[in-house]
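*Asks:* Hints are included, so try docking the two chains, each in its own frame, into the full complex.
What follows is each chain in one-letter form.
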Amino acid sequence: MRTKKIVQRTLLYITLIGVAFVMLYPFAWMVSASLKYDKDIFIYPMKWLPKSIDSVLYNYKTIFTKISYGLFYLNTTKLTLIITFIQVLTSSLAAYSFSRMQYKWRDKIFLLYLATLMVPWHAIMIPQFVIIKSMGLYDNHLSLILLQSFSAFGVFLLRQYMLSIPKELDEAARIDGCGHLRIYWQIIMPLSKPGIATLIILTFNSVWNDYMAPMLYLESKSNLTVQLGLSYFKTQYSMQYGLTMAATVCSIIPIIIVYIFAQKYIIDGIAHSGLKG
Amino acid sequence: MKKKNRSSKNKTETIKGLLFLTPNILGFLVFIVIPIFFGIYISFTNYNGFNKMDFVNFDNYIKLFKDTFFITAFKNNIFYTVTSVPLTIIASLLLAIALNRALKFGGFFKTVYFFPSITSMVAIGIVWSMIFNPTKGPINMLLSSLGVDDLPKWLSSSKTALFTIVLIVVWKNAGYYMVMFLAGLKSIPKELYEAADIDGANGIRKFWSITMPMLSPTTFMVTILCIISSFQVFDIINITTKGGPGQSTKVIAYRIYEESIKNLRFGYGAAMSFALFLIIFIVTLIQFRGQKKWVNY
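Heads up: the protein sequence lines correspond to chains A and B, in order.
FYI, this note's numbering numbers position 66 of the first sequence as 1264, with every residue one higher than the one before it.
FYI, this note's numbering numbers position 102 of the second sequence as 140, with every residue one higher than the one before it.
Keep in mind that a hint or two might mislead.
[What the hints assert, rightly or not] In silico BS3-like pairs for lysine-lysine, Cα to Cα no more than 25 Å straight-line:
| hint | chain 1 | residue 1 | chain 2 | residue 2 |
| --- | --- | --- | --- | --- |
| 1 | A | Lys1249 | B | Lys174 |
| 2 | B | Lys228 | A | Lys1203 |
| 3 | A | Lys1391 | B | Lys54 |
| 4 | B | Lys47 | A | Lys1365 |
| 5 | B | Lys47 | A | Lys1203 |
| 6 | B | Lys104 | B | Lys244 |
| 7 | B | Lys142 | A | Lys1203 |
| 8 | A | Lys1419 | A | Lys1276 |
[As the list claims (entries may be wrong)] Interface residues of chain A toward chain B, partial, derived using beta-carbon atoms under 7 Å:
| hint | residue |
| --- | --- |
| 9 | Leu1214 |
| 10 | Met1299 |
| 11 | Leu1345 |
| 12 | Leu1428 |
| 13 | Tyr1463 |
| 14 | Ile1465 |
Honestly, the hints are just simulated from the structure, not real lab data.
Just so you know, even glycine gets a beta-carbon here, dropped at the ideal spot from N, CA and C.
Chain B extracted, bound-state conformation (with noise of 0.2 Å):
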């Protein structure tokens, strides 16, 4: 009698449970889950967004090891990753130490440093645009009155279009990792330095031996957070360059839009996707494989 009072109060509270999802779930269904395993079965078809959609097997991921756009736009994507991963990573973590004390006007300078990250890419892909610009921009025209004549061509030549966008992207993202690492820093209990300093260790024994270690699942967390953004950078390239001159800043992202959206292969762009999305699964569980070796907790 008495379980039976307590199933149906469960069955209830299960009915109830769900009823509190409700609202959010059908959305998240039909706009998120159902995509996704809808566009994993595009990604085996012929779709053009019109009538046919016949199942071609593996076609699509085959080509892709034939596309030399999309080889280009992964090499590209991969060289944008070595270089702006660790930029961000490194100057973010150093403004967060630089402010992770009593500072005067501290509160100004977090505000500041933070500030270009919730800004718009639109907004920044234009000004610094201009900035850049190879030949009255106001950084070249410094460079040329300090008499150097080779002057960097910036977003113009393909040699330094798609690091001048790391060089942007780093700029606008080093403030909001940085309040990641400020937090972090925060997390670390006093007593560890204070007995470092009876011990007698100075600032860069303390940096790597207390700092670099405690420190360690908050840049485990930014790490994984900028490679997984890094694999997913659009924007600025649509505002700046769009993929080019030539190929030099296609990236994966931007060679999925251009296939999938203006060139109509929706089965082809799907197949992309999934393939980028193996690619950024499988880097993500290397690293919580590997955390083991250097995260403390």
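Isolated chain A (complex conformation) (with noise of 0.2 Å):
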């Protein structure tokens, strides 16, 4: 019996860690093609380790004269920022007042956003883009501002956790005096914390890897983002690995960096949510 678990236990880690080499093989691979020459990289069997210490910085050097990855880092920053900020303030208005008050039409204006949530992206797109062009708004990035700053997403996650503050707290500021803007700011945005982190990093995460948008609405290099910035690379240099390769690791790592330290948020927030963000 007691041989029987430990090979059972001995194969789930053979299956785990073979799934987990399944998952982190294509960074792997990313990273030691981007440290190789060209001619290196598809060597059969496989080298993990670059050659010569030469090429190690050879592609990310080139990169950087290629392609004006600093200025799309810029511009990806800057988007996110925005989005993410205007989203946290507006969201968590409309979800205090979704959750704390109390008035006629609530319950419906709330499910005309939940209805939202269930069309999709392409069903909007062409009217969007014909909006955004008539408001002269076409290779601006306040486009993407606009259109990505008010999803109802961020408000239903916001309503969820502020629904589960108990009533009590507010009910007792209101009899010591406060008005509903003070309950909102010292009360339950507070206590929102872990929601309002929760969306911080979702909207980041999907700002920073959104492709479709970017793609429809910039044109002009000086406005590019990471994304769009890495797939056109994509298609120029296409046959220049080692470069293509880098440029993706250098797409990758800032969402890394994020994952390292917030992946409990996000974690939380899709188990929570059960919704993409």
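*Replies:* And the structure:
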């Protein structure tokens, strides 16, 4: 009986390690390739480490002369910060209204928010595109900021968190003469920190990784985001594997850093909300 | 007197409530709600992005049934859905079950499995198309060293391209849905398993009689999310194959993008998107109806 258990455990660990290998392999391969000259990348059997020390930095140095990655990083960071800020501020106000205030059309308006979560992105892609063009915002970062700052998802997520905060807290504050704004800012917001952290991270992640919207709305080189720059780089230098891999590694690094520090919030947010950011 | 007082109090509360909503709802109405209705309107016109916007009744919708490109895209999408959805669910469920116990390094495995799902499709697409490179990619090198003669061409052959994309997407999303399944598994009361142990039930019996029924709400939600997202697949296709080789990986969302943004047939593109929206809506509705049969709350 005991040996059976040990065998089962061992098999389980072997499987788990095997799956982990499959999950990490592409990333390891990408890093390894980015450190090599093209001629060494596809050698079989594969060597994980580069042959010579010279090639280690070669690809990374070269991409920054071929592509204005610094600028793309700046653009993406700017977009991410602004969109996340507007998203958190306006969503939390709306979520406060939906969860702490009593008024006539509240639940009907919330239902409208929920209903739009069901609408697939391509159903509104064309009208959004037409509206943005007619506003003269094509090839302008404002287009992405306006389109991505007001998702129903953020309101939904924060409302869920706020509903779990006991009502007695704001009743007590009300008796002490606090208005809604003060209750929102001094009681509900501090208590919703985990929810807000989750929303910040999920928004960061989705804006950083977004490809479709920048592709539709941005054109001039000075406006490109990291993902878009990377996809153009791939088209232009697709035969230069080492360079492409170095550019790809650079695009993923911020996500890895955020994931290391904030994975608890990402995973909690997904487990609770069941919706992709 | 009292009544009047209350109604005016209600009124101020309504105004305050709406004021809190205003910053968000303005953007929400202009950039999400209005576009939905505007899109329905566009789908009944021949709008091309410039001057013409004549009403054409149901022409765009009728055209859908004759458009062989659309029909191909529809078929491709159905193939993508019926392969990627079950594979994703099985993979993520198995991973969740494997990790749902006291394990050394359990947290590490969870972190690793989840990681691909937060990376960008652009990066994933680029790396996998190199790994799947038919002549020198590591996968085919491994296969040929194992003595496989007829090496698969993966993304470069119209026979295998779409399924290769399915594999990439399952690899990327399995960890994401695993997290949802893990949350579902955690909520199953331990007493049920203890009671089953006393009754002498074995592992397989416990899985089918306790785990699966208790997990069915999560399974239901994951299924719906998977199906909805399978009808929206776009990024990975635009990065790896651009719909090719031939028409083999042209899915509905790609076809919509091509017709509307590239060919400037906004009216027809909008009709396609709403037809697709209807499909998704109906599938979801059917599932909500059907859930009574197999979902236990």
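*Asks:* Which of the numbered hints are not met once you compare them with the structure shown?
*Replies:* 5, 6 and 13
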